[in-house]
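Peer 1: Everything in the sequence shown is counted per the working numbering, starting at 1 for the first residue and increasing by one.
Check before you lean on any hint, since a few could be wrong.
Stated by the list, open to error - Just the calculated beta-carbon pair ranges, DEER-fashion:
1) GLU4 to GLY32: 40 to 46 angstroms
2) TYR8 to PHE31: 41 to 47 angstroms
3) ASN2 to GLY32: 42 to 48 angstroms
4) HIS30 to ALA10: 28 to 34 angstroms
5) PHE3 to GLY32: 40 to 46 angstroms
6) GLY33 to ILE11: 29 to 35 angstroms
7) ASP5 to ALA27: 28 to 34 angstroms
8) GLY32 to ALA12: 43 to 49 angstroms
9) GLU4 to GLY33: 39 to 45 angstroms
10) PHE3 to GLY33: 41 to 47 angstroms
11) PHE3 to HIS30: 35 to 41 angstroms
12) PHE31 to LEU9: 29 to 35 angstroms
13) PHE31 to GLU4: 37 to 43 angstroms
Think of the hints as simulated: they come from the structure by calculation, not from any bench. The beta carbon of each residue, even a glycine, is placed where N, CA and C say it ideally should be.
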Amino acid sequence: MNFEDGMYLAIAIMAGGSVLLGTVVAAAAHFGGRRRKRESTGGGCAH
1 MNFEDGMYLA IAIMAGGSVL LGTVVAAAAH FGGRRRKRES TGGGCAH
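Could you put together the complete structure from these sequences and hints?
Peer 2: See below:
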């Protein structure tokens, strides 16, 4: 494997990891916020 292949692989891994992390964080924020603010928002997402 040459340097360019390794660079593309690292970029793909970082992009995939950030997408996965963003999905997990968004889901946690969505469910946590909905559970926490159900009284004030009447349920559903706060966005």
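Peer 1: For every hint, state whether the structure bears it out.
Peer 2: How the hints compare with the structure:
no.: 1; hint: GLU4 to GLY32: 40 to 46 angstroms; in the structure: 41 angstroms, holds
no.: 2; hint: TYR8 to PHE31: 41 to 47 angstroms; in the structure: 35 angstroms, violated
no.: 3; hint: ASN2 to GLY32: 42 to 48 angstroms; in the structure: 44 angstroms, holds
no.: 4; hint: HIS30 to ALA10: 28 to 34 angstroms; in the structure: 30 angstroms, holds
no.: 5; hint: PHE3 to GLY32: 40 to 46 angstroms; in the structure: 42 angstroms, holds
no.: 6; hint: GLY33 to ILE11: 29 to 35 angstroms; in the structure: 32 angstroms, holds
no.: 7; hint: ASP5 to ALA27: 28 to 34 angstroms; in the structure: 33 angstroms, holds
no.: 8; hint: GLY32 to ALA12: 43 to 49 angstroms; in the structure: 30 angstroms, violated
no.: 9; hint: GLU4 to GLY33: 39 to 45 angstroms; in the structure: 42 angstroms, holds
no.: 10; hint: PHE3 to GLY33: 41 to 47 angstroms; in the structure: 43 angstroms, holds
no.: 11; hint: PHE3 to HIS30: 35 to 41 angstroms; in the structure: 40 angstroms, holds
no.: 12; hint: PHE31 to LEU9: 29 to 35 angstroms; in the structure: 33 angstroms, holds
no.: 13; hint: PHE31 to GLU4: 37 to 43 angstroms; in the structure: 41 angstroms, holds
The structure does not agree with the numbered hints 2 and 8 stated previously, though it agrees with the rest.
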